[in-house]
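Listed in order, the protein sequences are those of chains Z and D.
So for the first sequence, our numbering puts the first residue at 1; every next one is plus one.
So for the second sequence, our numbering puts the first residue at 1; every next one is plus one.
Because the hints were derived from the structure by calculation, they are not lab data.
Mixed in with the good hints there might be a few duds.
[Said to hold, decoys possible] Below are the DSBU-like pairs computed for lysine-lysine, each with C-alpha atoms no more than 30 Å apart in a straight line: (1) K184/Z x K162/Z; (2) K114/D x K400/Z; (3) K400/Z x K50/D.
This is what each chain is made of:
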Amino acid sequence: MRALDVVRLASESLVLHRVRTVLTLTAIAIGLTSVLALTGMGEAAKRYVLGQFASVGSYLITVSPGRIETSGLGSGAGMAGERPLTIDDADAIRRQVPQAVRVVPLSLGTASVEYESRRRDVYLAGATSEFAAMRDLTVQSGSFLPGGSRAGREHVVVLGAKLARELFGDTPAAGKSVRVAEAKFRVIGVMDSKGTSLGVDFDDMALVPAGAGMALLGQSNLHHILVQAASAEALPRVSEQLRAVLTDRHQEEDFTLITQDAMLATVRGILDVLTLSLSAIAALSLLVAGVGIMNVMLVSVSERVGEIGLLKSLGGRPGDIRVLFLTEAAALCALGAIAGLAAHLVMVAAARALWPAFPIRPEPLWLAGGVLFVLGLGILFGWLPARSAARWPAADALRKRV
Amino acid sequence: MNPPEPAPSPPPEPSSSTVPAPALGHTHGDELLRLESVTRVYPMGGTAVKALDGVSLSLRRGEFVAVMGPSGSGKSTLLNVLGCLDTPTSGRYVLEGREVQGLTEAQLADVRRKSVGFIFQSYHLVPRMTAARNVELPLVLAGIAPATRRERVREVLDAVGLEPRATHRPDQLSGGERQRVAIARAMAARPSLLLADEPTGNLDTRTADDIMALLQRLHAGGLTIVMVTHDPRMGARAERRIGMVDGRLASDVVLAHVESTR
Chain Z
1 MRALDVVRLA SESLVLHRVR TVLTLTAIAI GLTSVLALTG MGEAAKRYVL
51 GQFASVGSYL ITVSPGRIET SGLGSGAGMA GERPLTIDDA DAIRRQVPQA
101 VRVVPLSLGT ASVEYESRRR DVYLAGATSE FAAMRDLTVQ SGSFLPGGSR
151 AGREHVVVLG AKLARELFGD TPAAGKSVRV AEAKFRVIGV MDSKGTSLGV
201 DFDDMALVPA GAGMALLGQS NLHHILVQAA SAEALPRVSE QLRAVLTDRH
251 QEEDFTLITQ DAMLATVRGI LDVLTLSLSA IAALSLLVAG VGIMNVMLVS
301 VSERVGEIGL LKSLGGRPGD IRVLFLTEAA ALCALGAIAG LAAHLVMVAA
351 ARALWPAFPI RPEPLWLAGG VLFVLGLGIL FGWLPARSAA RWPAADALRK
401 RV
Chain D
1 MNPPEPAPSP PPEPSSSTVP APALGHTHGD ELLRLESVTR VYPMGGTAVK
51 ALDGVSLSLR RGEFVAVMGP SGSGKSTLLN VLGCLDTPTS GRYVLEGREV
101 QGLTEAQLAD VRRKSVGFIF QSYHLVPRMT AARNVELPLV LAGIAPATRR
151 ERVREVLDAV GLEPRATHRP DQLSGGERQR VAIARAMAAR PSLLLADEPT
201 GNLDTRTADD IMALLQRLHA GGLTIVMVTH DPRMGARAER RIGMVDGRLA
251 SDVVLAHVES TR
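This is chain Z alone, in the form it adopts within the complex:
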């Protein structure tokens, strides 16, 4: 038989039973759409979270005091017998590692900030002016921390947007005096609202020079030194040199380096597993649709026994009969796949219009994979009915009406 004739005969039968065809096709379309929706959302979530990481700053290496034997994030607390991580260490890194474009010593803690009668307990960070570029921070009024790379001890403070609003209301804060942990500080700037990034609310925070911060918080140990490499390629070299410089200064490796890559890889892995398991659940609905195909095809075979007998009497080989019914199942699936694909694209377009911030989009690889899966399903579940059609003894089949 010619391929075109096979397709024609198969599609005629689908058109003849249009209600049945449309219902089966709908089941397939729903199955495919749900798989595509879940994988699409998984991919979008991954993209969203990775985007959040990127906003933290690129090519970052975090140096934490203390050796962490098991993996995880730095605890910040130095252990007995270890040399503390100091501003001098940061300066040494800046001098000796040329490819470290930014080096920020960071001390962290909580402190109360008071202005007249108002008082608010907030996170306090001691940093340098380079911190602004590293974390993409900007000021709405005044200026950021002074002194370029120098970790000064000046009593100046930069307030988060929310903190400034809470303390000063609508009056400008820049130039005013506040008390930070009972010490007198001059407000030199207010940051733009940035919102929460990876659990840190920059809007409700006060930033002071690193030296002043350590003194305020009574710390002799920095929480981290943040080092930014010039490029992704430079990261391994910078890590290497960092390690050498600090080991030389401390006589031992009593610190921990965490690159952003390692964190990213972990997060990506978690999200991949999540996406895959959600898709597997959705694929179950496709499997149900596959059983539906089998059911419809079995009914179709038993209704058309007479026709099968006729085709055999006219010289149709068992293979011809099988191909006819398989093509019918495959055509059913192809139509279902097209409908499911169309529905998915419409949903994606709608989601993009409604939530522009959520980076969902058609994923060509998943789309292709989904469609192939559906076609495979059709052939898998169409096989049994097609085989049973081909096996009907011709003489018996001819006794039934066409």
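Position chain D against the provided structure of chain Z, taking the given hints into account.
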């Protein structure tokens, strides 16, 4: 370039005596098929039913045979075996010099496609297809090119006088017209053997006569026809009558003088 053909209508020879079949001095002389001690047994609720019980039969090319007998006598089974729709439980069947026993399903289908045309009591036309497409079906199964198919369909529909009805679906045709379409379909692949199972069983007398006349005309053109029928009137128009009882050949009579093909 062709040797002189035998006259297309009524074979002039034998006189009205009944002669045993093999001795028939027919103009289309050579053997088309041969059954040797063919048995077909169906298991039926624990017991075995012998639908054919040691049937031996030889058919020459160009014969017109009527198979008669009560229901359950094995007529249809005989027809199915001749048409390779069913295979003997034991015995030999040779069609056009080819041993049928032992062929695969696909090979049997090839034999049917090349050598055999069927017509049925209830026509077996596909309701959703026009007359032309029904006739085209065997050619589609044979993988013949569409242009050739159209040509051939027109030819055979014209031969049965239904060319003007080519685009009608079966439900728009009368019983006689449906059977003509079915005959055209059976002839489309130019078979050497036409098997007819009660071809006039669903038709009124007049239409039945028309269909018989058509079959006789095809026979006169050289086609071998085996027709199962209950109707002695129809049986009387064949050249040879085979009577079956309980799966056996009870009689095999050659009627030398056959009614004219009109």
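### Message
Run the distance test for K184/Z versus K162/Z: straight-line Cα separation, threshold 30 Å.
### Response
holds (20 Å)
### Query
Is the hinted pair K400/Z and K50/D satisfied, with a Cα-Cα distance of at most 30 Å?
Holds, at roughly 22 Å.
### Message
Hinted pair, alpha-carbon criterion (30 Å max): K114/D, K400/Z. Please report holds or violated.
### Response
holds (24 Å)
Violated hints are absent here; each numbered hint is respected by the structure.
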